[in-house]
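Participant: Residues per chain are reported as follows:
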Amino acid sequence: MNERLVQLEVLRYNPETDTEPHFQRYEVTCKEEWVVLDALNAVKESIDPTLNYRWSCHMAVCGSCGMMVNGEPKLSCHAFLRDYPGVIRVEPLANFPIERDLVTVADDFIDKLKRVKPYLIPAKPKAIEEGEYKQTPAQLMKYRQFSMCINCMLCYAACPEYALQPKFIGPAAITLAHRYNLDSRDGGRDERQEVVATNEGVWECSFVGACSEVCPKAVDPAGALQQVKVASTLDWFKEHLLPGGSK
Amino acid sequence: METINTDVAIIGAGGAGLRAAIALAQADPTLRVALISKVYPMRSHTCAAEGGAAGVIKSDDSFDMHFDDTVGGGDWLSDQDCVEYFVKEAPKELMQLEHWGCPWNREADGSVAVRPFGGMKKQRTWFAADKSGFHILHTLFQTTLQFPSITRYDEYYALDLLVDDGRCQGLTAMEMRSGLIKQFHAKAVIIAGGGAGRMFPFTTNGAIKTGDGMAMAYRAGVPLKDMEFVQYHPTGLPNTGSLLTEACRGEGGVLVNKNGRRYLQDYGMGPETPLGQPQLKTMELGPRDRVSQAYWHELQKGNTVSTRWGECVLMDMRHLGEKKINERLPLVRELAIAYLGVDIVTDAVPIRPVVHYMMGGISTNTKAATPLPGLFAAGECACVSLNGANRLGSNSLVELLVFGKSAAMSAIEHIGGLPAPNAAALEARAAQTQARILDLFSRTDGTESMSGLRKEMTDTMEKNVGIYRTEAGLKEAVDKIAQLRQRYQHVVLNDRSNVFNTDLFQVLELGCMLDCAEALTVGALARKESRGAHQRLDFTERDDEHYLRHSMVYYQGLDTPRVDYLDVVITKSPPGVRDYSGGHK
Amino acid sequence: MSRKPFVREVSTTRWYFKHPRYLRYMSREVTCVFIGAFALLLLCAVERLSEGQAAYESFLAALQGPWSVAGLVVVLVFAIHNATSWFNVTPKALPVQIGEEFLPGKFIVIAHYAVWVVATLVILYFAGVR
Chain A
1 MNERLVQLEV
11 LRYNPETDTE
21 PHFQRYEVTC
31 KEEWVVLDAL
41 NAVKESIDPT
51 LNYRWSCHMA
61 VCGSCGMMVN
71 GEPKLSCHAF
81 LRDYPGVIRV
91 EPLANFPIER
101 DLVTVADDFI
111 DKLKRVKPYL
121 IPAKPKAIEE
131 GEYKQTPAQL
141 MKYRQFSMCI
151 NCMLCYAACP
161 EYALQPKFIG
171 PAAITLAHRY
181 NLDSRDGGRD
191 ERQEVVATNE
201 GVWECSFVGA
211 CSEVCPKAVD
221 PAGALQQVKV
231 ASTLDWFKEH
241 LLPGGSK
Chain B
1001 METINTDVAI
1011 IGAGGAGLRA
1021 AIALAQADPT
1031 LRVALISKVY
1041 PMRSHTCAAE
1051 GGAAGVIKSD
1061 DSFDMHFDDT
1071 VGGGDWLSDQ
1081 DCVEYFVKEA
1091 PKELMQLEHW
1101 GCPWNREADG
1111 SVAVRPFGGM
1121 KKQRTWFAAD
1131 KSGFHILHTL
1141 FQTTLQFPSI
1151 TRYDEYYALD
1161 LLVDDGRCQG
1171 LTAMEMRSGL
1181 IKQFHAKAVI
1191 IAGGGAGRMF
1201 PFTTNGAIKT
1211 GDGMAMAYRA
1221 GVPLKDMEFV
1231 QYHPTGLPNT
1241 GSLLTEACRG
1251 EGGVLVNKNG
1261 RRYLQDYGMG
1271 PETPLGQPQL
1281 KTMELGPRDR
1291 VSQAYWHELQ
1301 KGNTVSTRWG
1311 ECVLMDMRHL
1321 GEKKINERLP
1331 LVRELAIAYL
1341 GVDIVTDAVP
1351 IRPVVHYMMG
1361 GISTNTKAAT
1371 PLPGLFAAGE
1381 CACVSLNGAN
1391 RLGSNSLVEL
1401 LVFGKSAAMS
1411 AIEHIGGLPA
1421 PNAAALEARA
1431 AQTQARILDL
1441 FSRTDGTESM
1451 SGLRKEMTDT
1461 MEKNVGIYRT
1471 EAGLKEAVDK
1481 IAQLRQRYQH
1491 VVLNDRSNVF
1501 NTDLFQVLEL
1511 GCMLDCAEAL
1521 TVGALARKES
1531 RGAHQRLDFT
1541 ERDDEHYLRH
1551 SMVYYQGLDT
1561 PRVDYLDVVI
1571 TKSPPGVRDY
1581 SGGHK
Chain C
2001 MSRKPFVREV
2011 STTRWYFKHP
2021 RYLRYMSREV
2031 TCVFIGAFAL
2041 LLLCAVERLS
2051 EGQAAYESFL
2061 AALQGPWSVA
2071 GLVVVLVFAI
2081 HNATSWFNVT
2091 PKALPVQIGE
2101 EFLPGKFIVI
2111 AHYAVWVVAT
2121 LVILYFAGVR
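Chains as they are written, first to last, in our numbering: chain A, 1 to 247; chain B, 1001 to 1585; chain C, 2001 to 2130.
These are calculated hints, taken from the structure and not from any lab test.
The beta-carbon is built from N, C-alpha and C at its ideal position, and this holds for glycine as well.
Honestly, I wouldn't trust all of these hints.
To be verified - Once the Cα atoms are required to be at most 20 Å apart in a straight line, the calculated EDC-like pairs of lysine to aspartate or glutamate come out as:
no.	chain 1	residue 1	chain 2	residue 2
1	C	Lys2004	B	Glu1175
2	C	Lys2004	B	Asp1154
3	B	Lys1058	A	Glu130
Unchecked claim - Pulled a few chain B residues facing chain C out of the computed Cβ check, cut under 10 Å:
no.	residue
4	Arg1177
5	Ser1178
6	Gly1179
7	Leu1180
8	Ser1497
9	Asn1498
10	Val1499
11	Phe1500
What the hints assert, rightly or not - Here are some of the chain A residues that sit facing chain C, going by a computed Cβ distance under 7 Å:
no.	residue
12	Pro97
13	Ile98
14	Ala163
Given only the sequences and the hints, what does the whole structure look like? Please build it.
Facilitator: Below, the structure written as structure tokens:
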């Protein structure tokens, strides 16, 4: 089994002892096929137990382990050492306050997720006994891609709008609203528009597209946001130009 | 210490915890619900489940058949009154999830689709691509966001239950970001903290599956039931242990040894079915325990493939074709390419059995109530017992829903007309938690390394508590775990910080895993038979005369735990033969 | 309290140097300056046209000076970059679903180019280029 001596430059921060973050270097023997998370675990287990970071599933589905690897937002369980031949710089996810070491404060994201009403608001109520809402495979495919978001926040780390304008509701939250808007069973679009089609919502987005580039699940939040813009614009025209202002 | 007053406290925000919270909020919006989890809800390990959730909906299927499959699959250790309740509730719960927006796969006519799964006589597994657990978790989490009565306490590590007047009345928990310990005074507590697969070195389980909820109940005097039954999922990636869903086999994938032989037919699961046409409940769709055990036998015979990650067998899905794989198994393809460099479209993938699920757990009845009034449990952390000695794939995801709701309903029943809590008594108990944490922080004479103890634990579990067990091996494990628990009293906490101290959490989690491992190894040694997932080389047959009973292990501090037995409830299916050969009726 | 979350500063003027993808974005955005300038030039042209043939022809002659041609080439490059970068991302905003599949993005992009070519030909035709 091939091994490699990996050098990690990790941004550390302990609010009880530090006034600001600083880099610490670690050198650890790793297997070639490992990911950055494996390297961090090896450091924590055998070199420095005081290193802190979030992780759980190790298969890119729980969304816990987002961090900056050489300046790029990555899931550390999906950042393969073979792609980083030199010193690997590891920092907490950008655009979020640092709690401790590689652990960020995720409160803002959680709040925004809730604000967009990301739950099914059925267009027609139906009792459980009546069975399922019929939804054809085509109707399912319409929104399915947008339901794949693992809430890892890499898109928020990549988005310069969010970096510069913290009030921006952001890619993942708006994409989740769009997922429900596109669901054939849903009738809650108007309610969500009040939050999403605003200056803090989709109109803060200038289509940099970084979010979609870093998304580990190919959700394409940039696409979702532009689709919301198109739909919102059409709404506006219908409301203001059609007699009766129908939506 | 801050006191948070609530009506129902739920520990764990995975599928079961979230379902319980919704049930409470819908039944009575005036009830205060505290949903406490050591991780944000979407990180719960429910997200990693892939294959699907079983519920009878096809016209050629019946509750009786689902019942029979489950009871037989559990090698008759399941409590049949519980299974009867479960199979009837299952389709309703899955339908409820659909109404909440879960993106179930569909037939062309728009109705919900089902797929074949191991040990099931009929197709009844509802699925959402190969990310069913992920979609169920996110649907539940997003649904909770509309209920103002649910207050979430994200990243709170639950420490001890508060028991007074013979009732469970709350818990202590640490706010992980600040290190502050807080007490929750509640009229009822529901534990939905998940399993403890991390006791083993090689598991599909994520880092968080350390049995904290099980240990909390155990330490409060609630017995852990049937802990010795640990499920090995037959198909895990050999390097990371990541799960490759049973649906791979449901869609037609086959298992071959180094000679290209579909070896399962040599272990009572033949005759060989045609390639790409899996037949329910036979060959690769046999139950998980039998399929994993077959691997062990092939290993003994030298028929496994030697890879740089160890001895493996091969799972071949090439005949499914790229289109079907992308449609039904996209995550599996991604995982194999990313972590193993193998594309299942063009190559057979090496796999081996991996620890996956704990059939055992906190003892509850069908209403999700533990023997301690006011304490309820649901999900993998609980043992009702639904799954008996071996769980069928796709019963677990729906178990979360059925018993999550059941726990909520039972909690509501319990809290009517309760006397006011004795706050002083609860505070005194909470102070004990504070003391034990303080002890860790102020210890200067510690001698044991946390990661060292943890490695010794996982090593002995792997060596002595595997797919096949022996008297000598189990004895060694029991003694080793007992020794580790003693040594744990001297573990060193390296990080003395208050802010998000993961060294502390790992030390505490190790304590929980050692408690669970104790119940597991003691129960395994005492059970002198082979049944389902508990297979012994020295007692190779099932012994219904002596062991048609649940193992109940009771915490005795640092002393040997007490073992007792509880009869299995048999209603309409007396113990029979588990027949997974192709010719069975 | 022991907590003291640390907020990392982001430079409002130099943030786009942090990553090549931000520079690419800025290069797309900065095209608007050049296109805006060209729009002003067109307004001048219209204004000169209203002053009569002589004024307009001297305006055209001025445009043929070397600096002016260089400047117009630069504008053309940015205009093309603007158009092509927008064409390439339009499929994200306008997904076309056919049954269970989505039309591959490249068809939408090609359609945009086709319309662009046709429009250009039409304009050139009316401009007298045969």
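Participant: Each of the hints needs a verdict: does it hold here or not?
Facilitator: Consistency of the hints with the structure:
no., hint, verdict
1, C:Lys2004 - B:Glu1175, "15 Å, holds"
2, C:Lys2004 - B:Asp1154, "18 Å, holds"
3, B:Lys1058 - A:Glu130, "15 Å, holds"
4, Arg1177, "6 Å, holds"
5, Ser1178, "5 Å, holds"
6, Gly1179, "6 Å, holds"
7, Leu1180, "8 Å, holds"
8, Ser1497, "8 Å, holds"
9, Asn1498, "4 Å, holds"
10, Val1499, "5 Å, holds"
11, Phe1500, "9 Å, holds"
12, Pro97, "4 Å, holds"
13, Ile98, "4 Å, holds"
14, Ala163, "5 Å, holds"
The structure fails none of the hints (numbered hints given earlier).
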